[in-house]
Amino acid sequence: MSASLTLNKITAQKGISIAEAANRVADLGWTPSYVQEAMTFPTDYKISKTPRDPMKQVLRSYFPMQEEKDNRVYGALDAALRGDMFRNVEPRWVEWMKLFLAIIPFPEISAARSMAMVGRLAPGEELRTGFTMQMVDEFRHSTIQMNLKKWYMENYIDPAGFDITEAAFGKCYATTIGRQFAEGFLTGDAITAANVYLTVVAETAFTNTLFVAMPSEAARNGDYALPTVFLSVQSDESRHIGNGHSMLMAMINDPSNHQLLERDLKYAFWQNHAIVDAAIGTFIEYGTTNRDKNKESYAELWHRWIYEDYYRTYMLPLEKYGIKIHHDDVAAAWDRIVKKNYVHKTAQFFTVGWSVNFWRIEAQTERDFEWFEHKYPGWYAEFGDFWKWHAKLSVPGETNILFNSEVGYSYPHRCWSCMVPCLIREDFVCDEVDGKIYTYCSEGCRWTHKVAFAAEYEGRATPAMGRFSGRREWEDCYHGWDVADAIKDLGFVRPDGKTMIAQPHLRFDSKDMWTLDDVRGHTLGSPLRGFRALSPIEREVATAEYRKGFKINPCH
Amino acid sequence: MSAQTSRAAATKPAAIVKSGAAGAAVFPGSDSRKYNYFEPKGRKATHYEDMTVDVQPDPERYLLQDWIISFPDGTPTYSKDWTAAKSSNWHKFRAVDQEWERTHYQRQSTICGMVQNTIENGRKSGAPTRFDPAWVKILQNHLGAYKHAEFGLGTSTMQAQRYGYTQMVNNAILTNSSYKLRFAQDITLYLSEIGLDLPGFDIAAGKKHWLEDPIWQGVRKSVESVMGSNDYLEQYFATNAVFEPLVGELFRSGFLMQAASAQNDFITPAVVSAAEADYERNLANTVELFHILGTDPTFGAQNLGLFNKWLANHADLALDAANHLQPIWSQPRVKVAAFADAMAHAKNRIRGIATELGLTVPAGLAS
Chain A
1 MSASLTLNKI
11 TAQKGISIAE
21 AANRVADLGW
31 TPSYVQEAMT
41 FPTDYKISKT
51 PRDPMKQVLR
61 SYFPMQEEKD
71 NRVYGALDAA
81 LRGDMFRNVE
91 PRWVEWMKLF
101 LAIIPFPEIS
111 AARSMAMVGR
121 LAPGEELRTG
131 FTMQMVDEFR
141 HSTIQMNLKK
151 WYMENYIDPA
161 GFDITEAAFG
171 KCYATTIGRQ
181 FAEGFLTGDA
191 ITAANVYLTV
201 VAETAFTNTL
211 FVAMPSEAAR
221 NGDYALPTVF
231 LSVQSDESRH
241 IGNGHSMLMA
251 MINDPSNHQL
261 LERDLKYAFW
271 QNHAIVDAAI
281 GTFIEYGTTN
291 RDKNKESYAE
301 LWHRWIYEDY
311 YRTYMLPLEK
321 YGIKIHHDDV
331 AAAWDRIVKK
341 NYVHKTAQFF
351 TVGWSVNFWR
361 IEAQTERDFE
371 WFEHKYPGWY
381 AEFGDFWKWH
391 AKLSVPGETN
401 ILFNSEVGYS
411 YPHRCWSCMV
421 PCLIREDFVC
431 DEVDGKIYTY
441 CSEGCRWTHK
451 VAFAAEYEGR
461 ATPAMGRFSG
471 RREWEDCYHG
481 WDVADAIKDL
491 GFVRPDGKTM
501 IAQPHLRFDS
511 KDMWTLDDVR
521 GHTLGSPLRG
531 FRALSPIERE
541 VATAEYRKGF
551 KINPCH
Chain B
1001 MSAQTSRAAA
1011 TKPAAIVKSG
1021 AAGAAVFPGS
1031 DSRKYNYFEP
1041 KGRKATHYED
1051 MTVDVQPDPE
1061 RYLLQDWIIS
1071 FPDGTPTYSK
1081 DWTAAKSSNW
1091 HKFRAVDQEW
1101 ERTHYQRQST
1111 ICGMVQNTIE
1121 NGRKSGAPTR
1131 FDPAWVKILQ
1141 NHLGAYKHAE
1151 FGLGTSTMQA
1161 QRYGYTQMVN
1171 NAILTNSSYK
1181 LRFAQDITLY
1191 LSEIGLDLPG
1201 FDIAAGKKHW
1211 LEDPIWQGVR
1221 KSVESVMGSN
1231 DYLEQYFATN
1241 AVFEPLVGEL
1251 FRSGFLMQAA
1261 SAQNDFITPA
1271 VVSAAEADYE
1281 RNLANTVELF
1291 HILGTDPTFG
1301 AQNLGLFNKW
1311 LANHADLALD
1321 AANHLQPIWS
1331 QPRVKVAAFA
1341 DAMAHAKNRI
1351 RGIATELGLT
1361 VPAGLAS
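Chains as they are written, first to last, in our numbering: chain A, 1 to 556; chain B, 1001 to 1367.
Since the hints were made in silico from the structure, they are not lab data.
Ideal Cβ positions, reconstructed from N, Cα and C, are used throughout, including at glycine.
Any given hint could turn out to be false.
Straight-line C-alpha distance at most 27 Å; calculated DSSO-like pairs for lysine-lysine [stated by the list, open to error]:
hint	chain 1	residue 1	chain 2	residue 2
1	A	Lys339	A	Lys548
2	A	Lys49	B	Lys1208
3	A	Lys375	A	Lys548
4	B	Lys1208	A	Lys56
5	A	Lys295	B	Lys1018
6	B	Lys1044	A	Lys498
7	A	Lys324	A	Lys450
8	B	Lys1034	B	Lys1092
9	A	Lys488	B	Lys1044
10	B	Lys1137	B	Lys1221
11	B	Lys1018	A	Lys293
12	A	Lys488	A	Lys511
13	B	Lys1124	A	Lys14
14	A	Lys488	B	Lys1034
15	A	Lys14	B	Lys1137
16	A	Lys56	B	Lys1207
Listed next, the stretches of chain B that the computed footprint assigns to chain A, with coverage defined by at least 3 CB atoms under 8 Å from CB atoms of chain A [what the hints assert, rightly or not]:
hint	stretch
17	1059-1071
18	1089-1103
With the rest of the complex left out, here is chain B:
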């Protein structure tokens, strides 16, 4: 094409194709309608993958100019050194629960509605006033104390979601934090509301027990140890692979949910059940991530050594915390759950998780 004719073409009206809709014209690339810069985990990319993968860039993939601001010691905006774990491919992990914003809000909102309806309907029918008085004290003092453990783990994972090397890792930790903080608030508001129907109910007692009651000091120490870790993956691992099965589930499923109905309380199990479902998702994400790291072709053995160390340290604390909770099982008037059974179940659960991850079960959990 000569320059003259080409210039004439440029000044012609361009509106040969009037529609801006897909398929209105065929030209190179007109059918390229999928994100094409990452390898999906399955045959096709999921919607979660499309929303998540590569949004946090990486100089080893597409970040041509590298990170352009650093911390004063030269640490870049994101650093692989923020965990002792190593990976030959940090981008491999995909969250099993596939959460992105829409699914997260749908699930959280559904839980909020379920919890609120349960409490409202229960209160309307006068249910809290029919709770066994000894049970009311347990809810006031011990469920009231436990809410702080959930909050501590929520703030710990909120901190941890800053440090991961990929968007997939950080978003899984972020949703974990969101679930924990919601549940801490669920309990707080639940106790506040039934407290309105229960004369003498002391809403401040839970925090006092959390801070001072010897029963709760092991749990507090265990949670503070998670919060105090400088390794974000240790925080994530200790939360879901250690604390939750040994203490969280033990208290929620092994005590509250089993004992409540025998004390005329049908509300607490519904409120607490949301946390059990949250945990299943958080656990699935955690096992997937640590399984990838533990079977890493280059760093797998080294990582397993590290995770075994984390497991041993945090399991010691969590086991001690769990054992200190034992007196609570004796406090309900009608005793339907035995601590030994709950503990055996908890140990079995953590052994299952450890085995799944290829870790060595610490001696204290062996039986």
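The shape of chain A in the complex, shown without the other chains:
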């Protein structure tokens, strides 16, 4: 027998090439002549060039490949249980997953829906297969994440918070941020939403911090399930990045699209930064117990994934097509993370608001302080006392930190664009849109609401562009409510009807757990209502005062 003879050689038969298969599948489409295709979601862009499918994959190979990936994921989950993963998992980490996994399935399924919006826009059918696979991928992501969450609920020491997950997603002040992220994928101008915001920016840039950096931190905290699921999810993202880039290339040669592309790249980058960095930065830096000084901080991860990988290797080359890149925003986002403590201020805010959360937040300790000071010099001077206060006030009977004037924290305004509060006080701005005053965390967010989401952009009509709507300031929904009544209305109460789901510690003992009675007697209020009630001069004074910031009092 010849040494080179293999089973494959014996059984092989002539087939069609992958490129040929992809071409024939792309030829399934036609231009209807009896009845025009249904209304597409409109766009202000012009797409005259046929986008190419860089992946050249057909469903026949796609489905078995995905099933194999699933088998690995579900096998790993079984193995994690057999290996008693939860006995060694860090509860500090899993608690934050109550928030993260409440948010993420809706953005995922929104991405599936958004494939309908781009599917019919481009001429030709080649990329339709890519969009089809992305649609099914996103269905995968949404339900595989719901499954992971259920798995945590069934196996983790404290299931409360996981058990109300989608109800909590609709009501919580923190998950609002995720809705701004998700609705941006599927509402308004179809290209702005489904191409630039979703595939070009969110998936190409920010899924790296979401689905690569964060799982690494999970593993450091004894959670092998999250990396298993999310790295499998991330393996689908390369296809989505390909779809996004291909569609972008189909538009970029038409100079009439450049103005809108510049608007949307800027809008999408800034919103992704404001939303994703706030949330994921907090999970990675404050959800961990691992304080290895050799590991990368979120700022370092951001530099690797967003600055080097996205900005330098993906965005900058777009300049050769005549696109003006928003360099200043990239620098500003970097400064917000490394100089202005954006992530630390977000974690501080989530902690101040712990009583209206649906997960537990324990205090950072001396060991954590040392790591933060090492990675972010000056951190201890600004945040050390705050975390000591949180530890001190974590016992029932103390005054809720949200209302405790001893601490010195000043409750922030809410940003009308990204919906994260205006935490970097010196950057706070306000403006008038359609006769109403709004507050913003930054100039980028002011521009997003007033300039980008409007019927006209730099003198050009933009009839397809979306608009901000809804009750975007969460605090307004409970203005004048006692916090205990608000928590009850939110449904963030355990089955005994009195113990709160959220707790400011990780003590799994009834006697240490806060009840509604422990927080009753304090009233929530809308900062925006008060701000709007001011005269223009008073508002100017209040703005200057706000920008000065606050100082946390020493905690002894």
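Based on these hints, arrange chain B on the given structure of chain A.
What follows is chain B alone, placed relative to chain A:
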């Protein structure tokens, strides 16, 4: 507890409970291990329900701050107005096939494997070369044309899955789209592969027949009418309650699967059978949804009026399409299937669906 002692407690090591595993401690809520924010259809929530219900939020349920981005005319991210059908509870529907990602990939992957093995083994044994030459022409021209109908319905449902008011409705339409697009590709690749074994086989002929052959123009018009509807539920209804029984099944089961073996073709029925099984699932989902809407305590009568209108419009087109296909039944050399029988079966099928949904069977389908 005084402030002093409580503060002391806070600084004590917290690691009294060292394990993060379920059952390591008992406290309020420590046994709350089920999603508790929706009403299951049965006594207990199914895994599908846990994966699906309420993921797409609703201001009338938990979406406290309402939709926060709108289209320029003020239409929110999801709107009940995207269909003329009305419901007093859009959240009632559950997909009968209970699909979530894992079951979907398992089923699709199994089908891909089955189809690929069948084609590979058939080709290895030289089966395509033994197909009757007249049958080869039928596969080339007519199965080749039909694949475009499947693709059109796949893209139509891909569009429709954006508009539903709940996750349950949209995911059922999404999996329907996924099945249709897979089957369109199955046929494309099947014909391409057997074409390698059949000298003179023209892979481009199918599209030409789809676009130009009078036999196929009724089908194309019917499919384009589904694709052209601005109402996503009309698209879903017309696909599964009208086109599939009158045209899809008629051609697949009523012709291809019956006639093939008599022409020495044992491969095509296996490839096509996957679509029949897909359709059973899609039909079950469709009947469940439209039955709920048709028996809605508030809007049932109004909805039935609407569905009757959709049925009449699309059945006219589909019936015309089906009748135009008749000459194909005469083309095989060995004739084992009669168009009249297939048509009678198709009409019986759609009458059954219409009756199940409480709809009036249009006159053209009565006999």
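Here is what the structure says about each hint:
no. : hint                    : result
1   : A/Lys339 <-> A/Lys548   : 16 Å, holds
2   : A/Lys49 <-> B/Lys1208   : 24 Å, holds
3   : A/Lys375 <-> A/Lys548   : 25 Å, holds
4   : B/Lys1208 <-> A/Lys56   : 24 Å, holds
5   : A/Lys295 <-> B/Lys1018  : 25 Å, holds
6   : B/Lys1044 <-> A/Lys498  : 26 Å, holds
7   : A/Lys324 <-> A/Lys450   : 21 Å, holds
8   : B/Lys1034 <-> B/Lys1092 : 19 Å, holds
9   : A/Lys488 <-> B/Lys1044  : 26 Å, holds
10  : B/Lys1137 <-> B/Lys1221 : 23 Å, holds
11  : B/Lys1018 <-> A/Lys293  : 25 Å, holds
12  : A/Lys488 <-> A/Lys511   : 20 Å, holds
13  : B/Lys1124 <-> A/Lys14   : 10 Å, holds
14  : A/Lys488 <-> B/Lys1034  : 20 Å, holds
15  : A/Lys14 <-> B/Lys1137   : 22 Å, holds
16  : A/Lys56 <-> B/Lys1207   : 21 Å, holds
17  : 1059-1071               : holds (count 11)
18  : 1089-1103               : holds (count 3)
In this structure, none of the earlier numbered hints is contradicted; all agree with it.
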